[in-house]
Amino acid sequence: MATKTISLHVNGQVRRITVDDADMPLLYALRDNLGLQGPRFGCGLGQCGACTVHLDGNAVRSCITPLSAVGKKKIVTLEGLGSPAKPAPIQQAFITEQAAQCGFCINGMIMEAAAFLARTKNPSEAQIREALANNLCRCGTHLRILRAVKRAATRA
Amino acid sequence: MRKPMTPTGKPTRREFLQGTGLLVVSFSIPGLLRRADAQSATTGKTVALDEVDAYLAIDARGGVTLYSGKVELGTGVSTALRQIVAEELDVALAGVALVEGDTALTPAQGRTWGSLSIQVGGVQIRQAAATARQALLREAAKRLGVPADDLIVEQGTVRPRSGGKQVTYAELIGGKNFSLKVDKQAPLKDPAKYSIVGKPVPRSDIPPKVTGQFTYVQDFRVPGMLHGRVVRPPAIGAILESVDESSVGDIPGVVRVVRRNNFLAVVAGSEWAAIRAAQKLKASWSAWNGLPEQSRLWEYVRATKVNKDDVTSNTGEAEKALQQAARRISASYDFAIHSHASMGPSCAVADFKDGKLTCWSASQGPHELRTQLANMLSMKDSDVHVIYVEGSGCYGRNAHEDATADAALLARELGRPVRVQWMREEENGWDPKGPPTLMDLEAGLDASGQVVAWHSQLYVPEGVGSNVKLLAAEAAGLPFDKGMLPGNIINNSAIPYSFPNVRTVAHRLAETPFRPSWIRAPGRMQNTFCNEAFLDEVAVAAGADPFEFRLRYLSNDPRGTELLKRLMSFARWQGRTSTRAVSGDIASGRGVTYVKYELARTYVGAVADVEVNRRSGDIRVKHVAVVQDCGQIVNPDGVRNQIEGNVVQTVSRTLKEEVTFDRSRVTSLDWASYPILTFPEVPDIDIDLIDRPAEKPWGVGEPAASVVPSAIANAVFDATGARLRSVPFTPAKLRAALQNA
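Those protein sequence lines, which keep their order, are chains A and B.
Heads up: the first sequence runs through residues 1 to 156, numbered per our numbering.
Heads up: the second sequence runs through residues 1 to 741, numbered per our numbering.
Bear in mind the hints are in silico, worked out from the structure with no lab data behind them.
Incorrect hints may appear among the rest.
Think about it this way: if two alpha-carbon atoms lie no more than 27 Å apart in a straight line, the pair counts; the simulated DSS-like pairs of lysine-lysine are [what the hints assert, rightly or not]:
#, chain 1, residue 1, chain 2, residue 2
1, A, K86, B, K199
2, A, K150, B, K622
3, A, K4, B, K280
4, B, K193, B, K142
5, B, K142, B, K189
6, B, K565, B, K696
7, A, K150, B, K199
If you want the footprint, here are the derived chain A segments under chain B, 3+ residues with CB under 8 Å [as the list claims (entries may be wrong)]:
#, region
8, 15-24
9, 40-48
10, 85-99
11, 126-137
Cβ coordinates follow ideal geometry from the N, Cα and C atoms, glycine included.
Assemble the whole structure, with the sequences as input and the hints as a guide.
This is the structure we're talking about:
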């Protein structure tokens with residue numbers, strides 16, 4: 001099997017990677033080829049949301065998205081939103097609400113919530129809960145996450 | 001003090017700190033640096049539990065480094081422990097860096113378990129800091145020619161109270177050792193003067209965690225590293241008969257198939273190649289079906305050989321008093337097998353070079369793991385170096401240790417660093433499990449409704465040895481821990497109530513279906529569920545309000561009494577709902593519960609409000625009110641975060657979670673078959689903390705979890721008249737209970 005060079009548009013830059021399987025999930029390209037640490041491996045089954053990234057603004061599960069399906073779509077990861085020195089409003093809301101315990105799920109929470117808030121103005125709490133229904137958290141940080149998303153919604 | 005530069009030119013911890021006033025506790029520094037860092041610092045660094053230098057160092061610029069054997073599992077202790085040091089030394093919090101869980105650098109303060117990081121670890125660290133402060137003041141007194149009693153410290157600078165010449169910690173000790181034993185008598189700062197402890201200081205790990213800058217063990221890399229995946233057998237006790245290595249010959253990047261007895265793994269240059277190879281590798285295994293039938297689990301537990309009885313309390317003559325009681329009530333309770341079900345499957349990196357092993361692991365017990373790995377590989381402890389790198393939350397002994405053993409074995413086989421990342425089905429299928437728990441209870445009332453006797457019999461596996469066995473060691477035919485260690489699961493089988501005749505016995509079983517280990521509030525949760533739900537049955541039999549009933553038998557415990565009274569008011573308790581609110585199929589109710597953790601420390605009371613669908617059997621926990629007294633509170637927001645997590649996680653365990661299995665293996669291998677609570681189902685929570693700054697700090701990581709199942713069970717009874725005595729409270733169980741109610 002021959003290796004292939006693929007161009008990915010990630011966080012505003014074009015990045016070229018070499019892979020030997022074009023059907024490798026996007027998650028491994030981001031983590032292993034590009035060294036990004038925002039998207040996380042949680043299940044590899046699209047069930048938990050820890051791997052969530054934005055593809056053209058939509059929240060998708062990178063663990064079940066083959067590279068071959070990405071094409072020229074613009075990828076944004078947690079790193080692409082902001083940094084500790086300059087966090088995005090949604091990231092700042094999570095900091096303000098201290099909305100993490102182990103934090104392993106938080107990438108998915110922020111990426112899912114950011115995509116949701118971009119299309120939903122002034123969401124109700126019930127709407128936020130539904131929007132995050134397929135993002136799992138094991139530490140039980142849900143109420144803080146809800147407060148953070150509400151805070152970000154009112155600042156948006 | 002080391003002054004590292006990073007290969008990428010990123011700021012070091014200290015520079016980052018100085019630049020922003022923030023501190024990245026868990027390193028944003030690339031792994032290679034930390035490794036060199038740890039090795040260079042190894043020389044001469046004491047880790048003895050009674051030495052100040054084991055815990056603390058002050059560098060030439062006055063920066064303080066705390067070396068903690070207790071590690072950050074996501075609970076916030078990395079911030080709280082630094083608060084303790086900053087407070088006791090009178091330095092800025094941002095000036096305290098943390099090195100955690102490194103067998104070459106940190107004292108062996110015991111596993112990060114049992115809600116003891118602050119209560120034990122923090123108190124040890126506080127005493128070391130108090131000793132250091134005394135020594136610094138003595139030295140300053142000499143240099144300044146002023147009595148130590150006349151000196152004050154602000155931000156690491158010592159000066160006479162009346163003003164005048166001053167001297168900094170950096171000038172006094174910078175870069176040198178204290179060479180002092182920890183003085184158990186060294187005076188502690190008066191809590192009335194605290195300005196850092198007791199404050200809701202923001203956690204230093206959250207900014208990097210919400211921006212993708214945090215390095216979890218799952219992100220940890222070293223140069224030249226290979227990726228390993230273990231191929232698990234299709235049945236727990238299966239024997240590996242043959243392997244067809246050619247079956248993965250067409251996958252580019254596969255470096256080696258490793259087989260050692262029943263340990264089978266693939267190692268590849270890329271992670272994806274390792275995953276594909278592990279899926280594709282053809283191997284044949286023997287059949288094995290040694291598990292009990294799940295549908296007859298409790299019969300199996302009752303039939304299991306009892307190795308010994310632990311009598312956990314014995315007052316008066318319970319059996320005789322039961323025989324003479326005017327009224328007797330009995331019930332059996334059970335609690336399902338649970339998985340830790342961490343969000344991120346376990347992961348570790350190992351490197352074996354020149355006869356020495358280095359492992360980067362998220363184990364909650366790096367020191368204990370070092371001994372286990374040395375035993376497995378027949379090495380000296382001193383040739384094994386385990387370095388903690390935070391992982392996904394573990395909530396006990398999950399599989400981080402097993403992933404580390406996998407990586408260690410592969411690194412030795414390959415002679416190159418190997419990273420092993422477990423897959424979801426491995427994590428759910430092979431993490432050690434919270435064992436099945438069964439309790440029979442009986443109580444006796446006299447004619448006036450007073451409790452005269454309480455007798456309980458608990459059926460749980462025995463605890464033997466000091467470690468949970470490592471899967472790789474056993475599979476590979478290497479030395480492994482033969483015992484089984486479920487944690488101290490007989491705790492809280494005895495009760496806090498002063499009945500005249502009480503006997504509580506734990507029958508310790510010779511075996512249990514799965515490798516057992518501790519999961520958050522091990523035993524305390526199960527036993528508190530049984531005791532507090534049964535107590536609710538007894539209170540109903542006695543015609544008493546559940547608050548009043550508990551208070552009646554807690555008269556010798558003023559803190560417990562205060563807590564329950566405060567909860568009664570906080571939850572606006574108005575007595576048991578005499579007419580249950582029913583609208584259509586929906587019934588609502590409230591339940592109260594209480595624990596004194598291990599009968600020795602943190603007090604928690606809770607009131608749960610539930611809505612029950614009588615037709616479907618669905619239970620919705622709407623709200624939980626919690627009052628907690630954990631003595632001195634180091635970080636109130638950290639405590640609240642833990643209570644919220646305890647409640648939500650345990651609502652999940654109570655309503656949904658149950659490991660399923662056939663005769664060969666676990667079958668609940670993903671989030672569809674092992675569902676946990678989701679956002680729409682999460683209850684609202686209100687918390688009232690009783691702060692006692694002058695008291696000892698007690699643990700908070702588990703106690704609030706232990707009260708949740710009984711609070712829900714009691715609320716469901718209040719709503720429907722049906723008793724739920726079997727966790728999880730599935731709709732089918734509730735429908736069955738409603739038919740019997």
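Against the structure, test the hints numbered earlier, and report the numbers of the ones violated in rising order. No hint contradicted; all consistent.
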